[in-house]
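Q: Okay, here's what each chain looks like letter by letter:
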Amino acid sequence: SQKIEQNSEALNIQEGKTATLTCNYTNYSPAYLQWYRQDPGRGPVFLLLIRENEKEKRKERLKVTFDTTLKQSLFHITASQPADSATYLCALEKGGSYIPTFGRGTSLIVHP
Amino acid sequence: DAGVIQSPRHEVTEMGQEVTLRCKPISGHNSLFWYRQTMMRGLELLIYFNNNVPIDDSGMPEDRFSAKMPNASFSTLKIQPSEPRDSAVYFCASSSGGQPQHFGDGTRLSIL
Chain A
1 SQKIEQNSEA
11 LNIQEGKTAT
21 LTCNYTNYSP
31 AYLQWYRQDP
41 GRGPVFLLLI
51 RENEKEKRKE
61 RLKVTFDTTL
71 KQSLFHITAS
81 QPADSATYLC
91 ALEKGGSYIP
101 TFGRGTSLIV
111 HP
Chain B
1 DAGVIQSPRH
11 EVTEMGQEVT
21 LRCKPISGHN
31 SLFWYRQTMM
41 RGLELLIYFN
51 NNVPIDDSGM
61 PEDRFSAKMP
71 NASFSTLKIQ
81 PSEPRDSAVY
91 FCASSSGGQP
101 QHFGDGTRLS
111 IL
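Quick note, the sequences are listed as chains A and B, same order.
Each residue of the first sequence is one higher than the last, beginning at 1 in the working numbering.
Each residue of the second sequence is one higher than the last, beginning at 1 in the working numbering.
Hints in this document: simulated from the structure, not taken from any laboratory.
Every residue, glycine too, gets a C-beta built ideally from N, C-alpha and C.
One or more of the hints may lead you astray.
So, partial list: chain A residues that the calculated Cβ filter (under 10 angstroms) puts toward chain B [as the list claims (entries may be wrong)]: (1) Tyr28; (2) Val45; (3) Leu47; (4) Ile99; (5) Pro100; (6) Thr101.
For reference, chain A alone in the conformation it holds in the complex (with noise of 0.2 angstroms):
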């Protein structure tokens, strides 16, 4: 089965800063990968889809990449503020199962 990693501890960052969040996997390349928010309290919100033939992908001050070759994924938030603090998931989907597979997710707390 998938096995995600993501990093359990927390990223702590000044505001204004980069914020770079990294999603490793293992087992068979996902078709898409997604990348999602969780506030406390509140359900993941989905930020960013990007398919395995795309390099990258960016909506505003996010960007995320996808090495197929490294199985890996990074998401930067530029220009980070303190609302941008929160739990970010990456979630990976087999072709055609329309079922992804969440990582833990990592926190992440942007200073003022």
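Model the placement of chain B on the given structure of chain A, informed by the hints.
A: Here is chain B on its own, set in the frame of chain A:
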């Protein structure tokens, strides 16, 4: 637009009691997912419905858990009898045509 609606938001009950969690998916979505989230295991898929039919229930822990989707706008997850180890946050999510999932805000379940 109304998102995925879950009820109740919090449930505290004694071991052995029956627990019923409810979910109303987003109108027009044909896929519904039930997840359980704990600190130890992260977000785990319990069951996936497509067009009201259970497609994958391999994540349902044991026979004490059951889920139904009698129509496109309603689903229940039932635990009978409940045990302390069932304490977790239970999320419902819906999607359409393989698009990213929309999550409800969860039910925080505590079994004493």
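Q: Given a cut of 10 angstroms on the nearest C-beta pair, is the interface hint for Leu47(A) held or broken against chain B?
A: Holds. Min distance 9 angstroms.
Q: Any CB of chain B closer than 10 angstroms to the CB of Tyr28(A)?
A: Violated. Min distance 17 angstroms.
Q: Measuring from the C-beta of Pro100(A) to each C-beta in chain B, is the shortest one below 10 angstroms?
A: holds (7 angstroms)
Q: Double-check Val45(A) for me: the hint is only fine if its C-beta lies closer than 10 angstroms to a C-beta in chain B.
A: With a minimum Cβ separation of about 7 angstroms from chain B (threshold 10 angstroms), the hint on Val45(A) holds.
Q: Does the CB of Ile99(A) sit less than 10 angstroms away from some CB of chain B?
A: Since chain B brings a Cβ to about 6 angstroms from Ile99(A), closer than 10 angstroms, the hint holds.
Q: Interface hint check: Thr101(A), Cβ to nearest Cβ on chain B, cutoff 10 angstroms. Holds or violated?
A: Hint holds; Thr101(A) Cβ to chain B Cβ min 8 angstroms, cut 10 angstroms.
The structure fails hint 1 only (numbered hints given earlier).
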